[in-house]
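A.B. asks: The whole structure should be built from the sequences, with the hints applied where relevant.
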Amino acid sequence: MSSTQNQFSVRFWGVRGSIACPGPETVRYGGNTPCLEMQVAGERLIFDGGTGLRVLGQHLLSQLPTSGHLFFTHSHWDHIQGFPFFVPAFIKGNKFQIYGAVSPNGATIKQRLNDQMLHPNFPVPLQIMGAQLEFNDIQIGEVVQIGEVMVENAVLQHPGEAIGYRVSWKNFAVAYISDTEHFEDRLDPNVQALARNADIMIYDATYTNEEYYSETTSKRGWGHSTWEEAVKAAKAAGVKKLVIFHHDPLHNDDFLDSVGQAVKAEFPDSLMAREGMIIHLGDSEPVVVLEKPED
Numbered sequence: 032m033s034s035t036q037n038q039f040s041v042r043f044w045g046v047r048g049s050i051a052c053p054g055p056e057t058v059r060y061g062g063n064t065p066c067l068e069m070q071v072a073g074e075r076l077i078f079d080g081g082t083g084l085r086v087l088g089q090h091l092l093s094q095l096p097t098s099g100h101l102f103f104t105h106s107h108w109d110h111i112q113g114f115p116f117f118v119p120a121f122i123k124g125n126k127f128q129i130y131g132a133v134s135p136n137g138a139t140i141k142q143r144l145n146d147q148m149l150h151p152n153f154p155v156p157l158q159i160m161g162a163q164l165e166f167n168d169i170q171i172g173e174v175v176q177i178g179e180v181m182v183e184n185a186v187l188q189h190p191g192e193a194i195g196y197r198v199s200w201k202n203f204a205v206a207y208i209s210d211t212e213h214f215e216d217r218l219d220p221n222v223q224a225l226a227r228n229a230d231i232m233i234y235d236a237t238y239t240n241e242e243y244y245s246e247t248t249s250k251r252g253w254g255h256s257t258w259e260e261a262v263k264a265a266k267a268a269g270v271k272k273l274v275i276f277h278h279d280p281l282h283n284d285d286f287l288d289s290v291g292q293a294v295k296a297e298f299p300d301s302l303m304a305r306e307g308m309i310i311h312l313g314d315s316e317p318v319v320v321l322e323k324p325e326d
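Residue numbering for the sequence shown follows the numbering used here, beginning at 32 and increasing consecutively.
Some clues are possibly wrong.
What the hints assert, rightly or not - The calculated DSBU-like cross-link candidates involving lysine-lysine, where the alpha carbons are at most 35 angstroms apart (straight line), are:
#, residue 1, residue 2
1, LYS250, LYS263
2, LYS123, LYS141
3, LYS263, LYS201
4, LYS126, LYS141
5, LYS295, LYS266
6, LYS271, LYS250
7, LYS266, LYS201
8, LYS126, LYS201
9, LYS250, LYS201
10, LYS295, LYS271
11, LYS295, LYS263
12, LYS263, LYS126
13, LYS141, LYS250
14, LYS123, LYS201
15, LYS250, LYS266
16, LYS295, LYS201
17, LYS201, LYS141
18, LYS201, LYS271
Don't read these hints as lab results, they were simulated from the structure.
C.D. replies: Okay, structure coming up:
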């Protein structure tokens, strides 16, 4: 990975929340559930293991042997369901460090990944994976140092608890904030701490305010936020670029186009997350976005 020693890039492999929704109405933004990859100072950091992780795994088959650091925000299905289909984890010679906080009921990330692969729900157990897998239980607020890269975390407002991450290297920082529900009467101090002056904030904006506050189908208490709250949080934190993420599976491409226009009107340096999108950070160039990168 020497070609990435002086680079910081973020690539989106899955941008949906809740459940995968492939089809003609989601082809432009993508239907895979959360997974993103950061290439930072020669290190590969992967965040969440939704169905997008399967696609990343196929991409990595041309780079064997491979290694990386896989961080989970929590273990709801849409964030772990791609792990059993992550082919590089089955191949000897590959190495992955896996991180996650212990859940409120005491279950480690290893236990939760193991449990979803037990009979009768899955045909092969986690133990059949041939790669070297090392599981790390991280504490809330613990700083993980990976070479020159620093990974911080904080608790988010989500049923069953989730954590957000901040990845820092040199003078660059990216905040990954999924899944979270905003406070209606104040800013979330943990979100603000993770996002403070970040180059990029990737934020769970599953709903619009209209959907969230609906009198008939309110989404209060579901553990997700809105694009309006994303803008509010980004402005307060001094974020440079806002990325709207964790799209509702009911929101088709045209709907997300309209959301993107509304967000830009309030926060011009913003993007709607799309599968395959890459954002590059560099000392001598502005952020570059490639909508359809070459593999």
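A.B. asks: Work down the list of hints and note, for each, if the structure agrees.
C.D. replies: Okay, the hints, checked on the actual structure:
no.: 1; hint: LYS250 <-> LYS263; verdict: holds, 19 angstroms
no.: 2; hint: LYS123 <-> LYS141; verdict: holds, 19 angstroms
no.: 3; hint: LYS263 <-> LYS201; verdict: holds, 27 angstroms
no.: 4; hint: LYS126 <-> LYS141; verdict: holds, 15 angstroms
no.: 5; hint: LYS295 <-> LYS266; verdict: holds, 13 angstroms
no.: 6; hint: LYS271 <-> LYS250; verdict: holds, 29 angstroms
no.: 7; hint: LYS266 <-> LYS201; verdict: holds, 23 angstroms
no.: 8; hint: LYS126 <-> LYS201; verdict: holds, 26 angstroms
no.: 9; hint: LYS250 <-> LYS201; verdict: violated, 39 angstroms
no.: 10; hint: LYS295 <-> LYS271; verdict: holds, 13 angstroms
no.: 11; hint: LYS295 <-> LYS263; verdict: holds, 13 angstroms
no.: 12; hint: LYS263 <-> LYS126; verdict: violated, 40 angstroms
no.: 13; hint: LYS141 <-> LYS250; verdict: holds, 31 angstroms
no.: 14; hint: LYS123 <-> LYS201; verdict: holds, 33 angstroms
no.: 15; hint: LYS250 <-> LYS266; verdict: holds, 24 angstroms
no.: 16; hint: LYS295 <-> LYS201; verdict: holds, 28 angstroms
no.: 17; hint: LYS201 <-> LYS141; verdict: holds, 31 angstroms
no.: 18; hint: LYS201 <-> LYS271; verdict: holds, 16 angstroms
Hint violations for this structure: numbers 9 and 12, all remaining hints satisfied.
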